[in-house]
Amino acid sequence: MDEILNAFTRALSFGTPLLLASLGAIVSERAGVVNLGVEGMMAVGALAGFAVAYGSGTGDGNLFLAVLAAMGAGTLAAMLHAFVTITLRANQFVSGLALSMLGLGVAGLLGKRFEGVPLFNQPPELPFTALAIGLALALAFVLHATRWGLALRSVGENPAAADALGINVLGVRYFAVGFGGAMAGLAGAFLSLVYRPSWTDGMTAGLGWIAVALVIFVGWSPFRAIFGSIFFGLLYYLQFRLQGQSGIPTEVFASLPYLLVILVLALSGLRGQQGNAPESLGKPYQRGER
Amino acid sequence: MALVPEPNPSRYRALWVTLGAVGVAFVIAGVVFSAYGVSPLEAYRAMLEGTLFDPKGLQEVFRRTIPLLLIGVGLTLAFRTQFFNIGAEGQLLLGAVFAAGVALFVPLPPFLTLPMMFLAGAVGGAVWCLIAAWLKSRLGVNEILTTLMLNYVAQYVVIYLINGPWKGKDARGYIYSDQFGPAAQIPVIPGTNVHWPTLLLGIFLAFALQFLLERTTLGYAMRVVGENPGAARYAGISISRIMLLIALITGGAAGLAGVGEIAGIHHRLIEPLQLSSGYGFTAVIVAWLARGNPALVLLTAPLMGIILAGGDLLKVSLNMPFRVVDVFSGVMLLCLIASEVFVRNRVRWGR
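If you read the protein sequences in the order shown, they are chains A and B. The first sequence stops at residue 292 when you use my numbering, and every number in between is there. The second sequence stops at residue 1046 when you use my numbering, and every number in between is there.
Derived from the structure by calculation, the hints contain no laboratory data. Quick reminder that beta carbons are idealized off the backbone N, C-alpha and C, glycines included. Please note that the accuracy of each hint is not assured.
[Said to hold, decoys possible] Rough simulated footprint, nothing fancy, chain A against chain B, three-plus residues with beta-carbon under 8 Å:
1. 720 to 733
2. 830 to 840
3. 877 to 891
4. 975 to 986
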């Protein structure tokens, strides 16, 4: 019984950054913009959060400020993507990829001085997990039961029609991408402040990419993202738990999350899940085009 | 500011815009260097002097140009047909694994060893890429995510092999396989690390694929698939068959790059991060710079070769972390795709 409870709490903890980041990506994609830069935005957020926590005060810092800084850094990075893809109408997939490289690069470069420096206080995980789940529920409500949600969804489904209704398509998209960046930044802060209060280069370890895949897996639904992220969290837990215990090489466990993403994407494809994608996902919008 | 469409952009326009984008990228990367505490002028001077004006540096540039050339020509073809293969890194590794398998365990007459390694490497890379292509054509799975995930998996495959069944007899501390015999080593230009047969192979592929794309019916079908999938379907072109073929070529070329690295330089299977140093990602920029022309990769691959070799110099001479190359790559790619709008549109100031 204890074992199961322990597994569940660890799964929640592993799942929290995944949930936060994928909620951001869901909002962005519901407005029609794919952002594959989640990994990079997370890395930048993790660094900004850690730097502020370390810099403010005598090593412990101000948690609230640090989280804000992480979200700000994520948003700033997302704005690059927004400008390039929304205003300049560049390829969203390639831009997101570039943003991931840039984010990992900048974070690794500027974070070098923090490598190996400890933060002394470890904030509790639970409030962050509760916040993530609360946000998921709130987003599910906003998306499906409010005018704002309707506006956001219509921008992702049919921007021309939304435009005709007087919705500011580009504005909504900028906002959605920015929100996605803030959430990715928050997910990064969870890693560098709460989960393991320290900074190491590459600490995001592919979680951003898994969050992107999770969005497809849960069919762009914030509500289902809760269960999806716990599911992936459980896998992470099992990976650590079973490592070294069985005769199976550690590399098999280490590559499990990535193999699983492929499997999950294939399963979503098999179920026709890809058809749930917002109609205009990935397509730039230009006024006056038919 | 308003953008006015330019229906038939000239080649010169594309050239100037591309050069402008590269210039802007250098400025932005310079800002990041300043934030790190290194003067960008100092950094660029170190990079340029150490690569182009130093014989040792120049051979480093060439050595890094070879994998970029092989992967880049494949990727131009893939991007031209809207197949966003981001997994060249993993395909290179699998190519290296397959070739190492031949070198280490397949008894062959010496003159056959290298050809078999090249063949096996191409197969390894192609298989890794075909997984993603097959999932895309069958189930509509986004190839960017699958190819990327397969990169991570490939890394663990290599680590598993050199840490487990293929672990070298003299491997202590670092992990690697046994050294290959002389028959499994690609000849180099004496006194350098430049394995010229692989270089020639890259040059040949660049021209061959350009010819394929511009002068053959198959190439025409590929262009139609890339530019207008709807029309392709209407014309009876099998999009999924073209996609699988493209994956075979790109993945195979990336696999060849892997063969070059292990048979031309390291002569053993080594840790993935040392084996590749990001060639797969840098080649994305190589291909994007070439704007869909395989032959142009002959120019863009050396350019990025300079940046990779220069990044190495920054690590050593200015003590910067290896992430400098990621900063360059990210900024450069962002500027390149952002600039595309200025090729197809003219800027008109005012209202």
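Hint check:
With 3 residues carrying a beta carbon less than 8 Å from a beta carbon of chain A, the segment 720 to 733 of chain B meets the three-residue requirement, and the given coverage holds. Counting residues of the segment 830 to 840 of chain B whose beta carbon lies closer than 8 Å to any beta carbon of chain A gives 8, which meets the minimum of three for the stated coverage. For the segment 877 to 891 of chain B, the stated coverage by chain A is not satisfied: 0 residues place a CB nearer than 8 Å to a CB of that chain, which falls below the threshold of 3. With 3 residues having a beta carbon nearer than 8 Å to a beta carbon of chain A, the segment 975 to 986 of chain B meets the requirement of three or more and the stated coverage holds.
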